[in-house]
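Residue numbers (the working numbering), protein chains in the order written: chain V, 1 to 260; chain C, 1 to 157.
In case anyone wonders, no lab produced these hints; they're calculated from the structure.
It is possible that some hints are incorrect.
[Unchecked claim] Partner residues aside, some chain V positions facing chain C, computed with beta carbon under 8 Å:
id, residue
1, Leu33
2, Gln112
3, Leu116
4, Trp121
5, Val127
6, Leu186
[Said to hold, decoys possible] Over the 12 Å line for every Cβ pair with chain C, so calculated as not near, a few chain V residues:
id, residue
7, Ser9
8, Ala58
9, Val86
10, Val89
11, Glu107
12, Asn216
13, Lys223
14, Ala236
15, Leu241
16, Trp254
[Unchecked claim] What follows is a set of in silico ranges between Cβ atoms, one per label pair, in the way DEER data are often shown:
id, chain 1, residue 1, chain 2, residue 2, range
17, C, Ile150, V, Glu107, 43 to 49 Å
18, V, Ser53, C, Asp2, 53 to 59 Å
19, V, Gln112, C, Trp5, 24 to 30 Å
The C-beta atom is built at its ideal place from N, Cα and C for all residues, glycine as well.
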Amino acid sequence: MQMQEDQSSQRAITRLCIQCGLFLLQHGAESALVEELSTRLGLALGMDSVESSISSNAIVLTTIKDGQCLTSTRKNSDRGINMHVVTEVQHIVIMTEHKLLDARDVEKRFAQVKPLRYPRWLVTVMVGLSCACFCRLNNGGWDGAFITFCASSVAMYVRLVLVNRHMHPQINFCITAFVATTVSGLMLTLPVFIHTPTVAMAASVLLLVPGFPLINAVADMFKGHINTGLARWAIASLLTLATCIGVVMAMTLWGLRGWM
Amino acid sequence: MDVIWFLLALIQDMLLAAIPAVGFAMVFNVPHRALPWCALLGAIGHGTRFAMVYWGFNIEWSTFVASMLVGSIGIHWSRWYLAHPKVFTVAAVIPMFPGISAYTAMISAVKIGHLGYSEELMILLLTNFLKASSIVGALSIGLSIPGLWIYRKRPRV
């Protein structure tokens, strides 16, 4: 009787640990953090040890208590980078470590985690401004920054609409790059902007740089998670390639002057 | 006169770097309480790199030092914000990201496939690819080193 109770509580804790790991992996945390936080949650809830194996599209996790092992596997689907979820999960783990939450509270808290989304117009305007600043930082001049602002705001809006419709990421990046290059390249052919540096065209696609996956990739490989690191690097390269195909398509279609 | 010119350029550089840090922090859905700190860290990081490049260091080493600085400050702040430092340090180093080099390298590769081999395109491809990947490496390892070095085994937060 006692044994069965122990087992069902261990099963519940295993489920919580893997849910914690899955949350972090889906929302773009690096592998070292996924492993660290799921282990800390398990130890705080009374397990003897927690072992996990992380790959880019699944996570396997085992908890050990009094010699009894329980293993569970979950498929991972990428939900986009969301640091808000990562912070929430970390707060839950810290509160559990300080004995402020027990297993049932953790379950309740996990059910309440809702990914934060900033309003679409705000992100669009801020990303437009960001790309304009990149243009200025790369000696594009203020007129170049204006072109970049227009092009990348339109492109960011297109990107967010496509994300909302669950478009395949590579196709999404290709279309967005096409739109950005079309707008900036056609604006550069206007007589007003005849002397504007062409770096404005390059800066308008900078909103598509996969910065987070690339930084995570190197950090993962540096900390010994070679397989997830390589997977992230491959994903980031594919996204960059898709972006470049979009840019080249727009340049050949409209016969634009290049930016190299 | 030179000092004043340098300071003005530095301030402009820091202001221009703060906006992309916030913009990309929004794309990464950083909690709104952390957004001002992202902006400040982005300005500090890019300003450090600007100053070091001005004093004659090459861009890879300047990037490395700047991202180590961002990483160390991020660890300090993460203690009282109770969040992993990566939550705001990654957004803060995005202004230093070698986006244009990465695209130039990839577009040269696409063009070599399209138009056939030429020496110019190959030179563009190689130099830009090496520059982009070494800067990405410098950024990422620079961010990780303070955490591995100062807090070797115990959890940071």
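Exercise for review: Could you work out which earlier hints the structure fails to respect and list their numbers in ascending sequence?
Suggested key: 2, 4, 6, 9, 10, 12, 13, 14, 15, 17 and 19
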